[in-house]
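Whenever a hint applies, use it, and build me the whole structure from the sequences.
Chains as they are written, first to last, in my numbering: chain R, 1 to 224; chain A, 1 to 224; chain D, 1 to 224; chain U, 1 to 224; chain C, 1 to 224; chain Y, 1 to 224.
Since the hints were made in silico from the structure, they are not lab data. Incorrect hints may have been included.
Since the list gives no way to pick out one identical chain from another, each pair is judged satisfied if it fits inside one copy or across any two copies.
[Said to hold, decoys possible] Calculated cross-link-like contacts (lysine-lysine; reagent style DSS-like; alpha-carbon spacing at most 27 Å):
#1 Lys14 - Lys185
#2 Lys196 - Lys215
#3 Lys123 - Lys222
#4 Lys123 - Lys215
#5 Lys14 - Lys215
#6 Lys14 - Lys123
#7 Lys222 - Lys141
Number of protein chains: 6
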Amino acid sequence: MAGRVVRNIARADKAVIDGLARAGVATVHEAQGRIGLLASHMRPIWPGARIAGSAVTISAPPGDNWMVHVAIEQLHPGDLLVLAPTSPCVDGYFGDLLATSAMARGCRGLIIDAGVRDVRDLKEMGFPVWSRAIFAQGTIKATLGDVNVPIVCANAAIDPGDVIVADDDGVCVVRRADAASVLEKARAREANEADKRARFEAGELGMDIYGFREKLAAMGLKYE
Amino acid sequence: MAGRVVRNIARADKAVIDGLARAGVATVHEAQGRIGLLASHMRPIWPGARIAGSAVTISAPPGDNWMVHVAIEQLHPGDLLVLAPTSPCVDGYFGDLLATSAMARGCRGLIIDAGVRDVRDLKEMGFPVWSRAIFAQGTIKATLGDVNVPIVCANAAIDPGDVIVADDDGVCVVRRADAASVLEKARAREANEADKRARFEAGELGMDIYGFREKLAAMGLKYE
Amino acid sequence: MAGRVVRNIARADKAVIDGLARAGVATVHEAQGRIGLLASHMRPIWPGARIAGSAVTISAPPGDNWMVHVAIEQLHPGDLLVLAPTSPCVDGYFGDLLATSAMARGCRGLIIDAGVRDVRDLKEMGFPVWSRAIFAQGTIKATLGDVNVPIVCANAAIDPGDVIVADDDGVCVVRRADAASVLEKARAREANEADKRARFEAGELGMDIYGFREKLAAMGLKYE
Amino acid sequence: MAGRVVRNIARADKAVIDGLARAGVATVHEAQGRIGLLASHMRPIWPGARIAGSAVTISAPPGDNWMVHVAIEQLHPGDLLVLAPTSPCVDGYFGDLLATSAMARGCRGLIIDAGVRDVRDLKEMGFPVWSRAIFAQGTIKATLGDVNVPIVCANAAIDPGDVIVADDDGVCVVRRADAASVLEKARAREANEADKRARFEAGELGMDIYGFREKLAAMGLKYE
Amino acid sequence: MAGRVVRNIARADKAVIDGLARAGVATVHEAQGRIGLLASHMRPIWPGARIAGSAVTISAPPGDNWMVHVAIEQLHPGDLLVLAPTSPCVDGYFGDLLATSAMARGCRGLIIDAGVRDVRDLKEMGFPVWSRAIFAQGTIKATLGDVNVPIVCANAAIDPGDVIVADDDGVCVVRRADAASVLEKARAREANEADKRARFEAGELGMDIYGFREKLAAMGLKYE
Amino acid sequence: MAGRVVRNIARADKAVIDGLARAGVATVHEAQGRIGLLASHMRPIWPGARIAGSAVTISAPPGDNWMVHVAIEQLHPGDLLVLAPTSPCVDGYFGDLLATSAMARGCRGLIIDAGVRDVRDLKEMGFPVWSRAIFAQGTIKATLGDVNVPIVCANAAIDPGDVIVADDDGVCVVRRADAASVLEKARAREANEADKRARFEAGELGMDIYGFREKLAAMGLKYE
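This is the structure in structure tokens:
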């Protein structure tokens with residue numbers, strides 16, 4: 001039954017989290033073996049943000065945002081709120097007042113598999129949100145949920161304290177225990193990509209850079 | 001059967017309408033008891049507009065925009081066009097020429113549970129539209145519809161002369177007769193929110209501002 | 001069976017292609033008799049681009065972008081890549097490295113009935129994409145597809161060398177053989193629209209400009 | 001604000017309602033001028049039922065079925081329950097126990113723009129439901145809604161006491177005041193259709209029965 | 001521009017068509033190299049039918065079924081009607097009267113990327129339909145389309161006279177010129193499958209029948 | 001990285017599993033506190049089955065069913081296959097041959113957040129499947145996935161050996177360790193429901209059985 005709030009959760013190293021933010025979703029996702037993406041319906045409400053933070057998770061009833069208040073008290077600077085409704089819902093759980101409160105606690109953003117509102121204000125405040133919907137429909141405060149329990153959000157399993165990376169490409173979760181090693185792989189990948197980019201700019205082809213010609217011929221590719 | 005145009009419709013007071021525009025969709029929706037929202041698939045074609053106006057309603061056949069011309073003649077300055085197709089349709093009923101004509105009549109924007117096109121031009125012209133789709137598919141002029149009759153648009157019932165409020169959060173209808181009292185409640189709500197915002201910025205928690213701790217404990221919330 | 005690459009495809013005249021770009025999707029679509037639009041789920045990843053180019057087509061397996069490398073070698077300056085997956089897929093087939101390579105070959109953009117990633121980079125590079133989804137999910141290189149064969153992309157049949165026009169209203173295909181005559185009709189249409197626009201701006205009504213009053217009355221339209 | 005139950009609603013004549021059931025949705029919809037259909041996502045949970053009844057309407061919060069109990073007390077034999085959630089929801093508001101209760105009150109079925117569950121039991125009981133979803137997700141009893149107020153259900157405006165007709169083709173609402181005249185038109189239509197059916201069975205073509213050849217030629221239809 | 005009816009179309013051999021029907025969609029689709037499927041939203045209105053026939057194609061305006069009458073006159077016994085709307089539409093283009101007429105002409109069924117109605121009657125008549133939607137919404141007869149021209153239906157390109165195979169798995173198109181060779185491959189496939197089925201029933205594993213163990217080990221599969 | 005097969009997984013007690021099957025999805029879901037449902041897009045391919053079994057989980061690449069063969073070897077009698085693709089996919093991963101093989105191993109059914117085919121055969125064989133889609137599109141065997149690792153399937157987290165209950169209401173997962181206690185609660189719930197059903201049949205109202213009248217009045221419900 002719902003009604004649990006876990007107060008002490010472990011978090012990844014701040015420098016690692018910030019490094020993952022700089023790497024961005026696509027690179028992090030590749031670096032950890034193409035896992036961890038939230039579903040593609042999770043879109044930013046304004047373009048250009050690129051963030052990472054530790055997940056403070058919320059499991060909330062449909063149309064009821066009471067637990068968001070409970071969760072805000074659990075925020076540490078550098079955290080993100082991550083909300084999954086217990087059944088599908090597009091109601092606007094979150095607006096400018098809650099964002100003001102969350103920012104005052106050092107919150108870096110919100111990931112929500114439901115709706116938000118006051119999006120013009122949120123953009124002006126620089127508070128980034130990735131959501132399923134934008135919808136002004138209000139919520140109530142009548143039923144308990146949980147804070148800092150494992151959740152499934154937009155088809156991805158997320159534990160409290162996991163690192164969430166989000167940018168215009170979407171949202172990716174990195175297991176807390178894997179964060180440092182994923183960052184290392186992401187940096188290696190970036191170094192490799194910088195070299196590739198220069199060669200592509202110079203007009204070299206992937207066919208040659210990656211040596212695809214022989215493999216493709218062996219597979220039976222025919223030129224006409 | 002279709003084929004009616006109602007010429008004289010009552011409209012709300014201009015100052016009230018403009019006040020509702022300033023309040024915005026989320027506040028107006030709350031102020032009138034969380035009713036009146038159009039479905040969340042109604043999205044602005046460009047961000048940042050916040051408008052209100054009196055609804056000139058159009059019930060149009062799928063893929064046929066003849067009635068838009070009829071409706072434009074019925075526009076008074078400060079009105080909005082609100083179009084619902086008689087069966088689901090994403091065709092582009094409306095583009096830059098019709099917007100030019102509507103603007104010349106003082107029209108403030110378009111709400112359409114179907115498609116629009118020429119959206120780059122509409123943005124440059126500053127003509128705001130909330131629609132279900134952007135689609136260049138053209139329409140014909142072959143069948144009658146109705147102008148200024150009650151319609152259901154994006155799952156909301158709208159009467160001609162009702163006040164429509166629209167911004168980045170979506171679209172909300174306010175019954176004409178309720179407009180003044182809703183505005184009053186909206187203003188009270190805004191005053192209250194300004195106070196709350198200051199407290200949230202100062203780091204106070206909703207848990208304390210709203211006195212949630214006891215109620216949550218009584219409901220059985222457990223901290224671990 | 002898959003595995004064909006056609007190297008020599010005919011292309012339309014460059015001046016015609018550029019003329020079609022200037023006309024834009026809505027006008028071109030009307031000019032050729034309201035055909036050729038791709039489905040409305042094909043949306044630009046950033047607003048404001050208006051382009052046209054010759055289609056280099058790609059039929060690719062779900063989640064496999066090997067053929068994109070093959071196709072890039074077939075690009076001529078002024079071409080567009082047009083990719084249709086062989087079954088529905090939203091994976092990110094294309095990102096900033098492939099865009100770098102394609103731009104080095106003179107590619108004007110990408111039309112893809114699947115996903116893309118690195119969209120912030122693509123926007124900064126000025127590389128326009130129209131896609132079904134934005135999704136960081138990576139792809140593999142394991143299975144053959146085809147390049148420069150006829151495809152169906154987003155419910156539109158496209159042959160290699162056809163002219164693709166794309167802007168904020170969506171994407172339209174013009175048969176290569178029809179390109180010149182469609183451009184001619186588009187220009188005639190634009191001239192006509194300029195005149196109409198001036199009359200609309202001056203406050204004339206479509207009811208009068210197009211002579212609708214009598215036809216509508218004959219159809220039975222009643223004013224109340 | 002929510003919290004109203006209207007006890008005395010007017011209903012259409014029972015014989016008229018039963019006649020509309022026999023006519024079926026497609027015929028009734030045509031007979032009243034192609035209006036009144038609920039959206040096509042409203043599908044029967046089992047095939048073959050064809051019913052009509054007087055609407056007892058329910059406006060219910062998302063995920064809260066308390067008002068269904070309130071509404072069941074208001075049922076008269078021959079009524080239908082018609083539920084619209086106040087924001088989009090697919091939770092299972094209704095199952096076999098509520099159906100048992102509703103049937104004991106003479107209820108003929110349920111129209112719900114949300115979810116139902118226990119569908120195998122409902123089928124065995126012969127209780128017909130048209131819904132947006134089948135979903136076992138339970139609901140709570142915490143918030144008020146309204147019973148027998150005007151609602152918008154699946155994009156159709158429905159007043160308490162309106163006649164609802166439902167079969168495998170979907171769901172249609174007939175205004176209570178129009179029920180008798182719509183039935184008359186439906187019967188005329190059926191008589192006409194019986195004659196047409198016999199001619200079609202005998203191999204006559206619609207081209208000849210309806211005299212389309214000349215009109216089509218005048219429109220420019222060309223045979224090759 | 002629309003308005004063409006092609007009267008003489010080539011058809012595949014009747015025995016080949018009937019053979020393809022017996023093979024069914026999944027087998028035919030595999031036999032021709034995994035191409036030709038219509039989108040998965042095309043579903044049968046009643047289960048159990050397995051048919052094939054020659055396509056008489058219809059390109060129809062949204063909400064206008066005039067061309068269906070034109071197409072019925074072009075039917076030969078053993079044909080199927082295949083309708084694609086020129087823009088997305090779920091209206092009910094087709095019901096029991098048109099089915100009566102089509103059956104009198106020897107039509108085997110309807111494939112329609114839009115809606116149908118009278119589905120209970122169609123089931124009783126044994127007339128099979130694969131459609132995008134079931135919707136009682138009526139259509140008009142005001143605008144020309146085309147009959148027996150190439151169309152794109154549910155994301156598949158279909159030429160008049162192509163063989164359409166349809167069953168509970170969906171709908172597949174086979175190019176007329178390929179029909180005989182596809183049937184041959186389908187039969188070879190079925191013979192091979194019968195052998196496989198017997199081995200699977202006897203408890204043999206695909207791992208052994210297909211020799212997957214070594215390949216998987218070479219790819220790096222690890223058992224724990 | 002993918003490529004793991006876990007051979008020894010713990011399973012719940014057979015009698016408990018069979019008891020959960022008899023209770024059905026709605027009751028089990030309620031009994032465990034309204035958690036564990038898979039998304040409502042998971043629908044049975046034929047109606048009437050009610051099963052439970054131990055999950056043998058499969059994480060498979062999009063459009064690649066190689067791991068299904070690997071998983072079948074890991075089946076014990078009484079197990080269910082549960083497949084989640086690593087990115088969204090509707091391809092037909094599974095048909096009658098794989099079902100024959102799975103049944104020969106004692107498999108009770110398939111839960112797949114993707115597509116299946118040969119559905120007429122599967123129905124005749126009595127092999128139940130809950131899926132996102134029915135689609136004849138074939139798959140390949142080129143890339144590794146995992147068997148018997150934790151997965152997220154249709155927005156629900158599932159561990160190998162968890163109990164899956166499925167019927168016409170959808171699909172629900174019960175943690176293996178909770179299975180016995182959930183069954184106990186489910187039985188208590190059923191006993192309670194039998195009593196309620198009798199009272200409802202006798203015409204008693206939920207308003208009285210559950211004592212709602214006072215609570216509703218206290219909340220402010222008004223009768224008119």
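These are the hints, each one checked on the structure:
| no. | hint | verdict |
| --- | --- | --- |
| 1 | Lys14 - Lys185 | within (17 Å within a copy, 45 Å between copies) |
| 2 | Lys196 - Lys215 | within (20 Å within a copy, 31 Å between copies) |
| 3 | Lys123 - Lys222 | neither (51 Å within a copy, 35 Å between copies) |
| 4 | Lys123 - Lys215 | neither (48 Å within a copy, 33 Å between copies) |
| 5 | Lys14 - Lys215 | neither (43 Å within a copy, 35 Å between copies) |
| 6 | Lys14 - Lys123 | within (25 Å within a copy, 29 Å between copies) |
| 7 | Lys222 - Lys141 | between (64 Å within a copy, 17 Å between copies) |
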